[in-house]
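Enquirer: From first to last, the protein sequence lines stand for chains A and B.
Take the first sequence: its letter number 155 is residue 213 in the working numbering, and every next letter is one higher.
Take the second sequence: its letter number 119 is residue 177 in the working numbering, and every next letter is one higher.
The hints are simulated quantities; they were obtained by calculation from the structure and are not laboratory data.
These figures come from a predicted structure and were not determined experimentally.
Among the clues, some could well be false.
With a Cα cut of at most 27 Å, we get these calculated DSS-like pairs of lysine-lysine [stated by the list, open to error]:
1. A:K154 x B:K192
2. B:K192 x A:K314
3. A:K154 x A:K367
4. B:K314 x B:K469
5. A:K67 x B:K469
6. A:K63 x B:K342
7. A:K67 x B:K63
Distance windows between CB atoms, simulated [said to hold, decoys possible]:
8. A:E132 x B:L214: 27 to 35 Å
9. B:K154 x A:E260: 19 to 27 Å
10. A:E105 x B:K154: 33 to 41 Å
11. B:Q229 x A:G266: 23 to 31 Å
Listing some non-contacts, in silico: residues in chain A with all C-beta distances to chain B over 10 Å [what the hints assert, rightly or not]:
12. M86
13. K89
14. K192
15. T375
16. A437
17. V439
18. E487
19. K493
All C-beta atoms, glycine included, are put in the ideal place defined by N, C-alpha and C.
Number of protein chains: 2
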Amino acid sequence: MAEKKIPYKIYLEESEMPKAWYNLRADMINKPAPLLNPKTLEPMTAEDLAGVFCDELIKQELDDTTAYVEIPEEIQSFYKMYRPAPLVRAYCLEEKLQTPAKIYYKFEGNNTSGSHKLNSAIAQAYYAKQQGLKGVTTETGAGQWGTALSMACSYLGLDCKVYMVKVSYEQKPFRREVMRTYGASVTPSPSMETEVGRKILEAHPGTGGSLGCAISEAVEKATKTEGYRYVLGSVLNQVMLHQSVIGLETMAAMEKYDIKPDIIIGCAGGGSNLGGLIAPFMGKKIKGELDCRFIAVEPQSCPSLTRGKYAYDYCDTGMVCPLSKMYTLGSGFMPAANHAGGLRYHGMSSTLSQLYDDGLMEAVSVPQTAVFEAAEAFARVEGILPAPESSHAIKVAIDEALKCKETGEEKTIVFGLTGTGYFDMMSYEKFHDGKMTDYVPTDAELEASFAKLPKVEK
Amino acid sequence: MAEKKIPYKIYLEESEMPKAWYNLRADMINKPAPLLNPKTLEPMTAEDLAGVFCDELIKQELDDTTAYVEIPEEIQSFYKMYRPAPLVRAYCLEEKLQTPAKIYYKFEGNNTSGSHKLNSAIAQAYYAKQQGLKGVTTETGAGQWGTALSMACSYLGLDCKVYMVKVSYEQKPFRREVMRTYGASVTPSPSMETEVGRKILEAHPGTGGSLGCAISEAVEKATKTEGYRYVLGSVLNQVMLHQSVIGLETMAAMEKYDIKPDIIIGCAGGGSNLGGLIAPFMGKKIKGELDCRFIAVEPQSCPSLTRGKYAYDYCDTGMVCPLSKMYTLGSGFMPAANHAGGLRYHGMSSTLSQLYDDGLMEAVSVPQTAVFEAAEAFARVEGILPAPESSHAIKVAIDEALKCKETGEEKTIVFGLTGTGYFDMMSYEKFHDGKMTDYVPTDAELEASFAKLPKVEK
């Protein structure tokens, strides 16, 4: 019963909030491979990246030796608007599962963007502002990143141009309206505003667009418009750095109550949430100070870690962005149309890819109907309607808790609950109506995609 | 600068959370008038109400002498899932307005129901469960109450039947899906399931329904089904009692930091949020222990306090429910079709009506375009996308803060931010597109509605 002293929700005091981000790469023995210039296949230099990204963010992108990067005062203030995020003890879920496991989740959904994306959006917008830029461009698919960036830009008085995959733009008018509320301009992609957009529209008149195409438009707009740069919400090292605030807060909250994790679980698309959540714990594991399992959870329909190749690949479908060494399904891979929510990126953060390749992290893939079952069970006892993405982590946390029930082990399980599902009710509806299906790409499909990987001798 | 010691968000410790609700009526000098039996026009007795409401809730409804009612242990546990709600210091809004006023808001939107309605939903579901009932019925319009009740019933394993105004059912499929996620059955009203529904459909085939009609169906279903009772999310005394948790937490948080309110502001539809927020502060004012203004904010299109009559009226359009003495626009009054969000009830809680009549509380009405302007300005600096209902309070809080700017007064303004606007993006879209209009009922319209008030000599 001493156990019960741990509150349902652990909130740090403002004074306990992190003052520096943690750069896991500084402590990694095998560093992630560098980005390559798509034209020369040589490592990207700061100069190569200068026209696309902000100067300070380029520094962060390339720096794999500085362990702690101070969080600027203004970003710390912004974080206080919606952070600390609670570390929640899932007492109700434990009781429902009748498990001896202790389950915790770090809930990042208590802000209007509805997800953890805001942690990096404000940082990227801040450095753009510091550099005296007028605005930034980006792409968005499901819409969480676009919403987060709109909020950050609105707060700092920066212009924000979002290219939203046309099919999402039409199917998710509410996401679009949230971005407009924050003063962003939202353009369905492909559009007539860019050369690449016009080309695509000419070749495929009624296309619904793709994330790859939206990236290409956003990059073109940024590089061709005075005072603008391009920003991205996942995959990049800088994003992992900013998202480390999730893990740092989680660790501080756990240390406050003397809790030690046995398993840390997160959903993984490009890796922004998982990378941030595990960063400081992984640092300790690498140093031999912590014995803990890390599990990346991905959808069976887009299984980059569990079925992808560890190879250099393009970050975008348009093949204009740098090449990254990562677990990838091939830059042309698209999950089947029945796939719900995000986690649809073909590759994985190079940092997480390296950790996985080094055996420091595990990965599992799960079918989406099982994910929605877990989501609904969770919502009913914990009172939070989870995003489909986050529910991948819920599914595996429940699985691990049920294993503990069999073995009687009192393991401490921590998972990342990245956001809320308010804008995903169409997928929930499909699930309720029994119309949701699972999809697993065939080996032949993957082989065909792998065959198109660029040939890089590194 | 000592000021800055107050954190952006004040969270109480679990041990500081209220353990009893506060019943303001116990301390009121002029008690609210009793409910009347619609057939006899005599005060409703517990026996009269027994078939409709749960026994314990009837006790709470009729008890105007017990000041504190213990919150059952199980409800306290449930509250810990999503409470304490933060009391937020609106530093960013203050800076934007350049006001010397100190602005605080109690944010009730950090739970999946998206509003404060859950505070009473769990209490009502709990007492139904205690009584050994199988389930409860209710109606919902905008959907917040239905969602909250679904969550509470799912948690306790109670059946939940929601009659949702048909036009909302069709226009807000996502709200409906959230309720289904929590296992509620959601029926568009009018339906063929009840006698009153069938009658209405016969007379008006193709009708979009109304809240009054949905109430009548829910009451009929409850009274005609073994093991069921009817529950309601606003207006009633029991609801004010449960919602006092808002005010009690607010007061505890303010006392912790030695903050004294000068003005407390809340939006008012039936009064559930405002009544709960102000309860303990009003109690102190009545006892002469606090000098503070209270402002109820209502929409110009449904101005029950500012333009209504203080008279006995039916609580529902179907005239089957008890009569309540309240500020009312007449039970047949419906706000114009352009009215966005909730706050569309024709009357006002009898407690708040009495306080207003006694001059203990002020009321103002505001046009909806101004409300959405305030909502958007707030969202951009405070990072929370407010519900249209809550934004009525934001509008008046900003107005009062700007008055302080003129006079240089450092007043402390507290307002209730009842919920989030994720399911109201259609209204935001109208606003962004310049298609939102204001509506003010004419005197003639109101007079026509007043003419139909029941004749009661009390």
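Enquirer: Going through the numbered hints above, which ones does this structure break? Give me the numbers in ascending order.
Expert: Of the numbered hints, 2, 3, 5, 6, 8, 9, 16, 17, 18 do not hold.
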